[in-house]
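**Q** Residue numbers (our numbering), protein chains in the order written: chain A, 303 to 398; chain B, 22 to 500.
In short, the hints are calculated from the structure, not lab data.
Careful: at least some of the hints might be erroneous.
[Said to hold, decoys possible] Which bits of chain B does chain A cover? Going by a derived footprint, with three or more residues having C-beta under 8 Å, they are: (1) 65-73; (2) 161-171; (3) 213-225; (4) 250-264; (5) 439-447.
Even for Gly, the Cβ is constructed at its ideal location relative to N, Cα and C.
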Amino acid sequence: MAILDKKTIEHVALLARLELSEEEKELFASQLGNILNYIEKLKELDTSRVEPMAYATATKNVFREDTPGPSLKLEEALKNAPDKLQDFFKVLKVIE
Amino acid sequence: MQYETVIGLETHAELLTETKLFCGCLNRFGAPPNTLVCPVCLGLPGVLPVMNKKGFEMALKATLALHCRVNQFTTFDRKNYYYPDLPKNYQISQNYLNLGVDGYLEIKYDGQEKRIRVHNVHLEEEAGKLIHTEEPGADYSLVDFNRAGVPLLEIVTYPDMRSLEEAEAYMNTLRNVLLYTEVSDCKMQEGSLRFEASISLRPTGQEKLGNRVEIKNLNSMKAVLKALEYETGRQRESLEGGGVVAMETRLWDELRERTERMRTKEEAHDYRYFPEPDLAPVVIKDQWLEELSATLPELPLARRNRFVTELGLSDYDAGVLAEDKAVADYFERCVSHYESPKVVCNWVTNDVLRELKERRLEIKDFPVGPEMLVELIKLVETGAVSMPVARGVFVEMVDTKKKAPQLVQERGLLQISDSAELEGIIQAILTENPNALTDYKKGKKTAFTFLVGQIMRKTKGKANPQMVNELLKQKLEAS
């Protein structure tokens, strides 16, 4: 039984940059818990002799040649930016 | 108590492809901001990455040069985190099946060779560049995504280095290997080669490693060494005072020359790696590996050792020559035309390297090619010109791109090796400097040197030095 506590929900919400109300935290804890329980069922299978799947199809070695393709014009590149300044994307100040 | 320093290094090297790793935008430094971007590297919805074959092969080449075991089934993973320089909110990297594992780099320090083990080598994409404005009180930063998606190779060592000197030797040797294999231009000032260090101290003789500190924001090799030196002192002080070194990431403050604790949230390090569903795995067959191995050049340390054993150079000279592949190639081309490697080595390490440095030239743009240099060296060997004159001729060759014999003829610089002519000159000098003759008779040896200097001055360096020595001695003894 996977039980999700409030702390885990808050951690996952932070990673996903989601702001949750107290009610939502409780609701999602139970809903996500149920989903995880359902997935837990897979653990009943013995996969000890199965290679982990790396890719959904058998495709492999897909390459492109190292030749230039078109880039966007500056105006186009910045067109959908929520905020910009001169030739740059503008973001909230980053402090380390 | 005595402490032992334990150092590990992480290196990021941008690969020298024409285009980015997953799209056709140019991989160029210094273009106007946000002009080398497209929907793929900007992470716009619905786009798919396609691997640049050249970039992948360059990474593989470096992996082989570092003696790694290649994962012949290699995959890519998403490293998830939010940062404004990362447009997709994840970086395509490798976590589970890295391109190469368990390699080593051989370094030489203080005459001793040592293997620094490489934990893994993997391929990933660069992030964009954040620009922090100088404007006081500004609440924003700016982003240039030209660099986003540039192929980046990460090389992680085991904590195998035991001193600053070993760390320095590792950085220099690794840089040379990347330059030799032509996978990166390694320009630290442009950020195409970057280091992060981890360092811990433990009582000498103790097996268990001490608490490790990671240092970031190291913009030059000098900064790496300064930061490691500072950290060694800080950690030793803490341990000697009975304290414990905190496991943490610290930032190097270039101005204050100290490290400072990085303020981060614990959660920031939960990268939730998972397989990249948009990139197919790469299967590397033996034949591909063999083909790439065949393109690997002789590596710097092997070349340095060969210069010592086969060409009889000193280890120091061999190291200077082998450090730069182009210089070593130049030297070897000279040697193929002239049988004395030692003589060529003196010319290259003194005169050629000096002119390159003074004129800020790359050897590929150097006007005096190997054949031209050998021509000049042969003029000295046959006695046509004296060594001091040859040195001057060399500088003129760099200035004018003219060949040595032509310059010597134009300027009348042929060495004077005619005894009658030299004797006349010596006599004239002795007449002009009677005091020197008296001094010499009194046993003052410097008078001899003075007279030789006067003769050389009079002949503008053209007098054959051995003959001047002999003839002058005879003359002085006889008078």
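**Q** Failing hints, ascending?
**A** 3, 4 and 5
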